[in-house]
Amino acid sequence: MQIDALTLSALYIASFVLLLIGYLTVISSKDLIRVLISLELMFGGVFLSLIPLFTSLPNSAFGIALISIFTSSSELLVLIAAIIIFDRKNKGLSTGLVRAGGERT
Amino acid sequence: MAAISEEMVLLLALIALTILLSMGVLLARDNFFSAMYMSATLIMVASIYAFFGIQPLFILIIFIFVGVTGIVTVALAATFRSEPEKASPGFWGPLALTTALIVAISLSTSLRHHPESGMGVIQFELGGFLGNPGYILLIISLTSLGILLMLSVLKMIGGVDECR
Numbered sequence: 000m001q002i003d004a005l006t007l008s009a010l011y012i013a014s015f016v017l018l019l020i021g022y023l024t025v026i027s028s029k030d031l032i033r034v035l036i037s038l039e040l041m042f043g044g045v046f047l048s049l050i051p052l053f054t055s056l057p058n059s060a061f062g063i064a065l066i067s068i069f070t071s072s073s074e075l076l077v078l079i080a081a082i083i084i085f086d087r088k089n090k091g092l093s094t095g096l097v098r099a100g101g102e103r104t
Numbered sequence: 000m001a002a003i004s005e006e007m008v009l010l011l012a013l014i015a016l017t018i019l020l021s022m023g024v025l026l027a028r029d030n031f032f033s034a035m036y037m038s039a040t041l042i043m044v045a046s047i048y049a050f051f052g053i054q055p056l057f058i059l060i061i062f063i064f065v066g067v068t069g070i071v072t073v074a075l076a077a078t079f080r081s082e083p084e085k086a087s088p089g090f091w092g093p094l095a096l097t098t099a100l101i102v103a104i105s106l107s108t109s110l111r112h113h114p115e116s117g118m119g120v121i122q123f124e125l126g127g128f129l130g131n132p133g134y135i136l137l138i139i140s141l142t143s144l145g146i147l148l149m150l151s152v153l154k155m156i157g158g159v160d161e162c163r
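Protein chains in written order, with numbering that gives the first Met the number 0: chain A, 0 to 104; chain B, 0 to 163.
It is possible that part of the hints are untrue.
[What the hints assert, rightly or not] Simulated restraints on C-beta separations:
| hint | chain 1 | residue 1 | chain 2 | residue 2 | range |
| --- | --- | --- | --- | --- | --- |
| 1 | B | 131 | A | 94 | 39 to 47 angstroms |
| 2 | B | 80 | A | 67 | 26 to 34 angstroms |
| 3 | A | 88 | B | 100 | 37 to 45 angstroms |
| 4 | A | 94 | B | 132 | 42 to 50 angstroms |
| 5 | A | 84 | B | 120 | 46 to 54 angstroms |
| 6 | A | 89 | B | 129 | 28 to 36 angstroms |
| 7 | B | 19 | A | 4 | 21 to 29 angstroms |
| 8 | B | 5 | A | 84 | 46 to 54 angstroms |
| 9 | B | 146 | A | 8 | 38 to 46 angstroms |
| 10 | B | 5 | A | 67 | 16 to 24 angstroms |
| 11 | B | 80 | A | 84 | 17 to 25 angstroms |
| 12 | A | 87 | B | 49 | 35 to 43 angstroms |
[Unchecked claim] The list that follows gives simulated cross-link-like pairs (lysine to any residue, SDA-like), each with its CA atoms no further than 20 angstroms apart:
| hint | chain 1 | residue 1 | chain 2 | residue 2 |
| --- | --- | --- | --- | --- |
| 13 | B | 154 | A | 74 |
| 14 | A | 29 | A | 67 |
| 15 | A | 88 | A | 45 |
| 16 | A | 90 | B | 129 |
| 17 | A | 90 | B | 74 |
Simulated from the structure, these hints should not be mistaken for lab results.
Backbone N, C-alpha and C define an ideal beta-carbon position, used for all residues, glycine too.
The following block holds chain A by itself, in its conformation from the complex:
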């Protein structure tokens, strides 16, 4: 399909809206699982913004998309493991339980 100015704008606006909703979800909740969900949503926004790159540099764009998918999913899986360990230690998933690095109770 041909990407014209209208399509380009629609894609960028959708990407921005997804990022914004992800951001709003993060700041409107005090729950680590909600933070994880919104991070995944934000990555969805990032993937949308990659589509126009396929018009000029298709192979590089696919490579960038591959790197984004693999690294972000690995990062999210590590985050999931961190959340499980956090729950074991603190018996809760509220962001209020998260302390600054090195801070002790």
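On the provided structure of chain A, position chain B as indicated by the hints.
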């Protein structure tokens, strides 16, 4: 005014559905439903890739992002089903407005100075991508990265026995 083509209507419908589903993530009170809406949103993002004829990425996003990460998140949200605590987002309005303004200005500037940038026909061939040995090395390296990270995660959690 130029008539909007059927393809454009379909794309706009896909985008509208994506945004509606992502609103579900924000508005759902239960984490489980929020995770389900997030998975549906990512499926719609993958569908937009399929719409543009980039099927390999559709499969990758569905398999890796929705099939692995999304399902684990849904399972996690289903396990920890406590009522999430809501915070009051005080200053998000001006911040969102400023970001939207920056995006709008950069988009209009880009379209004015480089009118052809990001526009044209998508001609992606998976065969052309896999024909380059550098990209094969990239795929192998990324797969190794994933495996190594998962092994480290298993060690962090305390091994397979600890997960039972």
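We went through each hint and held it up to the structure:
A beta carbon spacing of about 44 angstroms between residue 131 of chain B and residue 94 of chain A agrees with the range 39 to 47 angstroms that was offered as a hint. For residue 80 of chain B paired with residue 67 of chain A, a C-beta distance near 31 angstroms keeps the hint of 26 to 34 angstroms intact. One distance hint, 37 to 45 angstroms for the beta-carbon pair residue 88 of chain A and residue 100 of chain B, holds here, with the actual separation near 42 angstroms. About 45 angstroms separates the C-beta atoms of residue 94 of chain A and residue 132 of chain B, a value consistent with the hinted range of 42 to 50 angstroms.
Under the hint 46 to 54 angstroms, the C-beta atoms of residue 84 of chain A and residue 120 of chain B, about 48 angstroms apart, fit the expected range. Hint check: residue 89 of chain A to residue 129 of chain B, Cβ distance near 46 angstroms, so the stated range 28 to 36 angstroms is violated. Distance hint check: the CB atoms of residue 19 of chain B and residue 4 of chain A are about 24 angstroms apart, consistent with the given range 21 to 29 angstroms. For residue 5 of chain B paired with residue 84 of chain A, a C-beta distance near 51 angstroms keeps the hint of 46 to 54 angstroms intact.
Between residue 146 of chain B and residue 8 of chain A the Cβ separation comes to about 40 angstroms, which falls inside the hinted range of 38 to 46 angstroms. For the hinted restraint 16 to 24 angstroms between residue 5 of chain B and residue 67 of chain A, the CB-CB distance of approximately 31 angstroms leaves it violated. Remark: the range hint 17 to 25 angstroms for residue 80 of chain B to residue 84 of chain A is upheld by a beta-carbon distance near 19 angstroms. Range check, residue 87 of chain A to residue 49 of chain B: about 40 angstroms between beta-carbon atoms, so the 35 to 43 angstroms window is met.
Simply put, residue 154 of chain B and residue 74 of chain A have alpha-carbon atoms about 16 angstroms apart, close enough for the 20 angstroms limit, and the pair holds. Simply put, residue 29 of chain A and residue 67 of chain A have alpha-carbon atoms about 27 angstroms apart, too far for the 20 angstroms limit, and the pair is violated. A distance of roughly 33 angstroms separates the Cα atoms of residue 88 of chain A and residue 45 of chain A; the hinted pair therefore is violated under the 20 angstroms criterion. Straight-line distance between C-alpha atoms of residue 90 of chain A and residue 129 of chain B comes to about 47 angstroms, which puts the hinted pair past the 20 angstroms bound.
Distance restraint check for residue 90 of chain A and residue 74 of chain B: the Cα-Cα separation of roughly 18 angstroms lies within the 20 angstroms cut-off, and the hinted pair is therefore satisfied.
Violation of the numbered hints given earlier is confined to hints 6, 10, 14, 15, 16; the remaining hints are satisfied by the structure.
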